[in-house]
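> Letter by letter, the chains look like this.
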Amino acid sequence: VTSTRPLTPRVRSIMLSVSGWEGHLAGQHVDVRLTAEDGYQASRSYSIASAPEAAHLELIVERLEDGEVSSYLCDELRVGDRLELRGPVGGYFVWKASLGSPLLLVAGGSGIAPLMAMIRHRHAASNQVPVRLLYSSRSPEDAIYRDELDSMSSADAAFEVIHTFTRSQPPGWTGYRRRVDVDMLREVAWPKSQEALAYICGPTLFVESVADGLVTLGYPSERVRTERFGPTGV
Amino acid sequence: MDSASMKLDGNALAGLLREIFSLEMTMARVTCGGCSKTGYLGGLPAYVQAPGAVIRCPACDIAMMRIVHDNGHYWLDCRGTRSFQISKA
Numbered sequence: 002v003t004s005t006r007p008l009t010p011r012v013r014s015i016m017l018s019v020s021g022w023e024g025h026l027a028g029q030h031v032d033v034r035l036t037a038e039d040g041y042q043a044s045r046s047y048s049i050a051s052a053p054e055a056a057h058l059e060l061i062v063e064r065l066e067d068g069e070v071s072s073y074l075c076d077e078l079r080v081g082d083r084l085e086l087r088g089p090v091g092g093y094f095v096w097k098a099s100l101g102s103p104l105l106l107v108a109g110g111s112g113i114a115p116l117m118a119m120i121r122h123r124h125a126a127s128n129q130v131p132v133r134l135l136y137s138s139r140s141p142e143d144a145i146y147r148d149e150l151d152s153m154s155s156a157d158a159a160f161e162v163i164h165t166f167t168r169s170q171p172p173g174w175t176g177y178r179r180r181v182d183v184d185m186l187r188e189v190a191w192p193k194s195q196e197a198l199a200y201i202c203g204p205t206l207f208v209e210s211v212a213d214g215l216v217t218l219g220y221p222s223e224r225v226r227t228e229r230f231g232p233t234g235v
Numbered sequence: 027m028d029s030a031s032m033k034l035d036g037n038a039l040a041g042l043l044r045e046i047f048s049l050e051m052t053m054a055r056v057t058c059g060g061c062s063k064t065g066y067l068g069g070l071p072a073y074v075q076a077p078g079a080v081i082r083c084p085a086c087d088i089a090m091m092r093i094v095h096d097n098g099h100y101w102l103d104c105r106g107t108r109s110f111q112i113s114k115a
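For the protein sequence lines, the chains are A and B, in the order given.
Under the working numbering, the letters of the first sequence match residues 2 to 235, in that order.
Under the working numbering, the letters of the second sequence match residues 27 to 115, in that order.
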């Protein structure tokens, strides 16, 4: 662990330096395994938020109520501690800058993590594929990487960020203030004629409803990649 | 939590599959043994509650793969899968 910092009141960033790391693809995850003194083990998957080009590996961890792994990682972990990782793994929810099609990214809460790796990868590779990110958060304070996303999009006409704040909004907010639904997707998503690739990440029910919405709008299900976040590990 | 909100993607099993197989399995094309629907393993519904992991067919809901691991053994039951098409790279 090289550093940690709070990103929101419930989410922490953990920067890691990994010996023998052979690199990852944007969208992959690692499994973090903790072993207690009595030998009890618990393992959870965390998406990598850093670009493949970055010097350190960044994971973001949301503190879950009763989360035995997330509470340790958020509250107890210190710089210099060592973690046991398995990975990088996962070839399905992966985007490479060479893929080409317009990208539609839809994130719910900490589901931004693997999408952030894609956005940072595109930026680092000076790739000009048009990207729209629809990002659902409870409030502006809960929107992870909001400053970084907004500054990247203001400097890049091909990268649009659309926020929806479902519980509380900043003063004077004129944007979306509800959960993602088909009407919102119809306004935000690339028309199906553009043959966009969609990546959706967030809590299971969020992902399910967005994926169904995109299929309703005519996206072939093979062009809609999903990554559901759950509280358990294997 | 109800079972609908415990559903993940096959991609969540990537680390476990990587321990068993030498090739990347989440991009394998699998064919359901029940209804013949095909899909990427990484995109199929997965349930990972202890004691094991189950991959189901999104169309007919049959259990395509069951994986249990404990005490240095992996138990792999694939009777619900007709075939795996696995790419070398």
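Keep in mind that the hints are not guaranteed to be accurate.
Partial selection, computed: residues in chain A whose CB lies under 7 Å from chain B [to be verified]:
| hint | residue |
| --- | --- |
| 1 | Leu35 |
| 2 | Tyr41 |
| 3 | Arg229 |
| 4 | Gly231 |
Label pairs and their in silico Cβ distance ranges [claimed, not checked]:
| hint | chain 1 | residue 1 | chain 2 | residue 2 | range |
| --- | --- | --- | --- | --- | --- |
| 5 | A | Arg139 | B | Pro77 | 28 to 38 Å |
| 6 | A | Ser18 | B | Phe47 | 48 to 58 Å |
| 7 | A | Ala55 | B | Ser62 | 39 to 49 Å |
| 8 | B | Phe110 | A | Arg34 | 21 to 31 Å |
If you are wondering where the hints come from, they were derived from the structure by calculation, not from laboratory data.
Note that this is a predicted model, so its numbers are computed, not measured.
For each residue, glycine too, the CB sits at the ideal point set by N, CA and C.
> Per the hint of 39 to 49 Å, is the separation of the Cβ atoms of Ala55/A and Ser62/B within bounds?
holds (43 Å)
> Per the CB criterion, is Leu35/A less than 7 Å away from chain B?
violated (14 Å)
> Within 21 to 31 Å: is that where the Cβ-Cβ distance between Phe110/B and Arg34/A falls?
Cβ of Phe110/B to Cβ of Arg34/A: about 27 Å, so the range 21 to 31 Å holds.
> Less than 7 Å between beta-carbons is the criterion; does Tyr41/A satisfy it with respect to chain B?
violated (13 Å)
> A closest beta-carbon separation below 7 Å is what the hint needs, so does Arg229/A meet it against chain B?
holds (5 Å)
> Under 7 Å is the threshold here; is the Cβ of Gly231/A close enough to any Cβ of chain B for the hint to stand?
holds (5 Å)
> Taking 48 to 58 Å as the hint, is the beta-carbon distance of Ser18/A and Phe47/B inside that range?
violated (29 Å)
> Just tell me: holds or violated, for the beta carbon distance of Arg139/A and Pro77/B against 28 to 38 Å?
Since Arg139/A and Pro77/B have Cβ atoms about 34 Å apart, the given range 28 to 38 Å holds.
In summary, the structure is inconsistent with hints 1, 2, 6 from the numbered list given earlier, while agreeing with the others.
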